[in-house]
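J.: We have chain L; now place chains X, F and U onto it with these hints.
4 protein chains.
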Amino acid sequence: MLRVAVIGATGYTGVELLRILVHHPQAEVSIVTSRKHEGKPISEVFPSLRGRIDLLCGSLNFDRIVKESDFVFTAVPHKTAMEVVPDFHKRNIRVVDLSADFRFRNPRVYQQWYQPHRCEDLLSQAVYGLPELHREAIREAPIVGNPGCYPTGAILALAPMISHRVVDLSHIVIDAKSGASGAGRDPTEATLYCEVNEGLKAYKVLEHRHGPEIEQELVQLAQQPVGVIFVPHLVPMDRGILSTLYVTLNQRQDTSHLLELYSEFYEREPFVRVCPEGQVPNVADVRGSNFCDIGLKVADNGGRAVIVSAIDNLVKGASGQAVQNMNVMCGFPEENGLEGVALFP
Amino acid sequence: MLRVAVIGATGYTGVELLRILVHHPQAEVSIVTSRKHEGKPISEVFPSLRGRIDLLCGSLNFDRIVKESDFVFTAVPHKTAMEVVPDFHKRNIRVVDLSADFRFRNPRVYQQWYQPHRCEDLLSQAVYGLPELHREAIREAPIVGNPGCYPTGAILALAPMISHRVVDLSHIVIDAKSGASGAGRDPTEATLYCEVNEGLKAYKVLEHRHGPEIEQELVQLAQQPVGVIFVPHLVPMDRGILSTLYVTLNQRQDTSHLLELYSEFYEREPFVRVCPEGQVPNVADVRGSNFCDIGLKVADNGGRAVIVSAIDNLVKGASGQAVQNMNVMCGFPEENGLEGVALFP
Amino acid sequence: MLRVAVIGATGYTGVELLRILVHHPQAEVSIVTSRKHEGKPISEVFPSLRGRIDLLCGSLNFDRIVKESDFVFTAVPHKTAMEVVPDFHKRNIRVVDLSADFRFRNPRVYQQWYQPHRCEDLLSQAVYGLPELHREAIREAPIVGNPGCYPTGAILALAPMISHRVVDLSHIVIDAKSGASGAGRDPTEATLYCEVNEGLKAYKVLEHRHGPEIEQELVQLAQQPVGVIFVPHLVPMDRGILSTLYVTLNQRQDTSHLLELYSEFYEREPFVRVCPEGQVPNVADVRGSNFCDIGLKVADNGGRAVIVSAIDNLVKGASGQAVQNMNVMCGFPEENGLEGVALFP
Amino acid sequence: MLRVAVIGATGYTGVELLRILVHHPQAEVSIVTSRKHEGKPISEVFPSLRGRIDLLCGSLNFDRIVKESDFVFTAVPHKTAMEVVPDFHKRNIRVVDLSADFRFRNPRVYQQWYQPHRCEDLLSQAVYGLPELHREAIREAPIVGNPGCYPTGAILALAPMISHRVVDLSHIVIDAKSGASGAGRDPTEATLYCEVNEGLKAYKVLEHRHGPEIEQELVQLAQQPVGVIFVPHLVPMDRGILSTLYVTLNQRQDTSHLLELYSEFYEREPFVRVCPEGQVPNVADVRGSNFCDIGLKVADNGGRAVIVSAIDNLVKGASGQAVQNMNVMCGFPEENGLEGVALFP
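Protein chains in written order, with my numbering: chain L, 72 to 416; chain X, 72 to 416; chain F, 72 to 416; chain U, 72 to 416.
This is chain L alone, in the form it adopts within the complex (with noise of 0.2 Å):
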């Protein structure tokens, strides 16, 4: 059994990391640590827990964590992140990361959207972790930069299209919906129940800073600028990002030809799921899953299309995607741990 440490267990990327940890058939949770409830036990802080794991929250000894395990995921904010990962690395612990810190190839623009960077030589050997178009280069990765929530189901709904050459990269609208979840566990005003149930909002339009992730991945695939319009949305649900895609076609394409691209380009993947022409995802089918979920129709006779994929933000939008890149980094089966069905309703 692998032994896995969880450092910054208890918010709700660490909390869904221990869910799906606690099934897999090749990983055991050896170590959580938490600075806010040091030397409480985890599943008091989360009574879901209760009688599946039982662990009291370390602090960060790197010493004890590397003798009692053997894999740490970091699910602290980023900076805090940058600040930790080097002293894994440095202990020759493979890590994935789940904030930002490891996510950018260019530090540049990591410290133009977050703030300087504290290991640019770690960058350049960490990997961005999404499987689909990472896999092999995961597999050998000291570090993996988990991909943000947003990024995600952008990237995916994106990727075959931009890979087959099909559409007009100067032009790409990104109308992103997100739950709360999203927003994490520490309290503010915004993300307050009354703040957000019965609303819906934009926010960040234009500045949120998964746009240069989502256009970091983009160009690497066209290997050309990319062009991108990426507008966040706040929804009064608890999980689950709807993205929902506008793009121009380089040339006239028909809906099914469309499909049936998608549907090659994932072939193999164990977690996306193309719809069926004529239906479109609902984040309620993914919800606890860590399926991405995509369906598309084009437009405005075949000259533009409409692209909606859906995630749950917490799992393949996360700690699901996390786990994932554990197996891939292990060489175990990439769905262990993961063959969930979705909890509707």
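Just so you know, these hints were derived from the structure itself, not from any lab. Heads up, some of the hints might be wrong.
For identical chains, the list gives no copy identity; a pair is met inside one copy or between any two copies.
[Said to hold, decoys possible] No more than 30 Å apart at the CA atoms, straight line, and that leaves these computed lysine-lysine pairs for DSS-like:
(1) Lys-275 - Lys-161
(2) Lys-111 - Lys-275
(3) Lys-150 - Lys-138
(4) Lys-107 - Lys-275
(5) Lys-150 - Lys-107
(6) Lys-275 - Lys-138
Quick caveat: nothing in here was measured; it's all calculated off a predicted structure.
T.: Coordinates of chains X, F and U only, in the frame set by chain L:
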């Protein structure tokens, strides 16, 4: 006091008309009808009305209605509306119809999206009831076709740009998100609590009947063809439509200039509020009110723009706008009955 | 026009006071204060108010407030309230305080559940602001302690039975369920969207501070000891309290007789609606209104009864009742500003 | 592998059975039937199942079902159940029936609350499927009547107290609150999103059919009459039942002693978790899991007690318990297929 009849009072737009009219200083509800609840007190159908309105649901007796009322709202489904509106019209009573039956100037468009029209001759006398665009015509109209909810939010978001010819008309994306009350009160599996809650989906992608309605108004405003991609979404909340629009500008603009243009365009409008630069609207801030809030921001170095509008689909998107139309038609102050502040939280 | 100051205008009860007062025919808001948002337009803090109220959040300058207003609502937390109310009192301005600081007649009870009271002398002049029980005293009161939300729903549900001495006083169970706005606008983990949504729990079981407040009023009504078991619950909705009460009757009764007793007791009350036999209330039917709806049914062959009451915790449970108290104190018609019909759906 | 048929697979308990059985190490779903969706792939009815289960909805062909399966779950409405269960029984196939039809030992009680029973003779062979009370009988039962959702939460909350005879049996109050999935998937006005959301109501006060079911089990446990007041409520959430029970104790007790008694009673139960002193359960912590969490606290100086239990109505309250029963009947480890941790948030 204007005596008002509400035909089809037991749907969501019906009860919303009653909620608003109860406070109206120059109108009183004299008649409510309901096929389904005939003979029942309306306050038994909607206990929210107890102590505020005390009428029995009557049948569709035209002679009695005309005798006991001076003005009619038809809040019945499309198709039913065109079966009853002519009977009021020929009795010389003015009607605001909340269905789709009197919104289209071209009966062929109506036929294509709904069914053959039963009284094409009346269409030419009907006015599309968006006061911000057609106030003068509404004043004298015998029949007002009250706009659809999606069209209200989308047209108000675009009208200033189209009027000022700053936008590329071939290229307008409308990504609209609605609460569940827009689907009405008839029981269907798709609108059950557990089907909507914690779900989020696009539906009728490029096939929604409000698409041609939006186009009709934009084309008239532009006096040339307009290409619209309209994708509605269902969001787990009772009320509200947030529309996010993506447009290409004919020449580079900055945000503040466009906001000025909007502020001027809506300067005298009592129910349109333009958000200050840096802000975009939230449906929570218009819930229960007749306001349409609009914000915008340029993208792509001023080459494109994102516009966001928020309405309450049952108020500005239906019953509030219907009362606003009545006010215009009757020469009442336009805000009468509609001064309410949004219910937040 | 009565010039009204709202001290602490940027919490949920504050914005609700403003929403209601905007429509009041005999009062106008002349001053709003906020420590947190001092200097900001109130309509920037709450965009719902844009175009309806146009004041800057001021500081707590007593002299200025007294100069520019004739009446004060204090919508600040308990403890803060008793620090500011005396300053208004000695300037001869009447106050409705929405905190707990002036609700208790016995300062020792206050001290036991909150902290030592700073101005015990004023307690004797303050009146508990439940107009249905204390209307005459409220009329002349210099200070009104506006009731808690749970007590309002529970006391109104019990008052007729206790007044008529039909109920066993040693044996009253109050199972109350509240929406999240009752917890206020200060960010806490427990009131985050994802903690409340799709959750349901009892909290502060037998330890909630509204327990002794309920007992104070029931004891006064009964003129003898009363035993109450009070368990509040948090429900995933914005507004509303549903209280389900279980009582043992002193002698067998039937439902219709008890309902008559209730109807008579509340006959002249503008804001209490007794449900017809066979019906019990739904918070959805009072949302945004000042009504308290009450239904009941006997159990156990008439030996016991179940009573259900519904209020909007921010209206009849807070700001609406505060305005009702102001109306009583100032000799205004009691329904002024409070005629609104509930927002359904 | 046990081949399992799910009769009536397209309701909420049906899809929940499939979600659970997909993971079961010793069972596989071989047949699903649906009158409404006959001929359709089940993964088209529930896109959440796509890629996980690949069966067509079949018709109710008993011979084929018996040929292709070894075990049957009937997830059809009551009345339908007693029309089909005998056909399986006479073909020697064991059945867990999720309807009410095989829960009552006394056919007259069934008749009083439902309708005349069609196969009274089978009732005597059926076992009430609450493993915590009837495990041994379930092991051999040809037919198991799977308990109702409310009874499961209420009985588990009371069983230790009744077994230990510490509670006054004439005097038990059960205030239960359920999410909307308990009402099933058939479209009704009362379960539309906009009727449930932001609403909260008691319903079927003292008239709910789960009342006599609760009484049957409590009476059997107590071996004497039991008086129950049962009031169910509808709460705006998908899943979960929170039951708050109010009991009078036969002699004074303290909380910790009662908790010990509960912990011992449920010591070997895999799915009942007793909360530590000072804690009460939240439905959010059992969502999607088969756990029943129970907390309690004495009131009134130990003379009374408040007990709170939480279950997921579709899991421990229906399909999870059904699978647990199957495990008991087939001699499988009782937790198989049911190890899942609750989905939080």
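J.: Does each hint fit the structure? Answer for all of them.
T.: Going down the list of hints, with the structure as the test:
With identical chains, the CA atoms of Lys-275 and Lys-161 are never at most 30 Å apart, being 37 Å at best within one copy and 48 Å at best between copies. When the C-alpha separation of Lys-111 and Lys-275 is checked against a cutoff of 30 Å, the pair qualifies only between copies, where the shortest distance is 21 Å, while the shortest distance within a copy is 36 Å. For the homomeric pair Lys-150 and Lys-138, the shortest alpha-carbon distance inside one copy (25 Å) is at most 30 Å, but the shortest distance between copies (51 Å) is not. Taking CA atoms no more than 30 Å apart as the test, Lys-107 paired with Lys-275 passes in both settings, with 29 Å inside one copy and 23 Å between copies.
Taking the shortest alpha-carbon separations for Lys-150 and Lys-107, both the intra-copy value of 17 Å and the inter-copy value of 29 Å come in at or below 30 Å. For the homomeric pair Lys-275 and Lys-138, neither the shortest alpha-carbon distance inside one copy (42 Å) nor that between copies (42 Å) is at most 30 Å.
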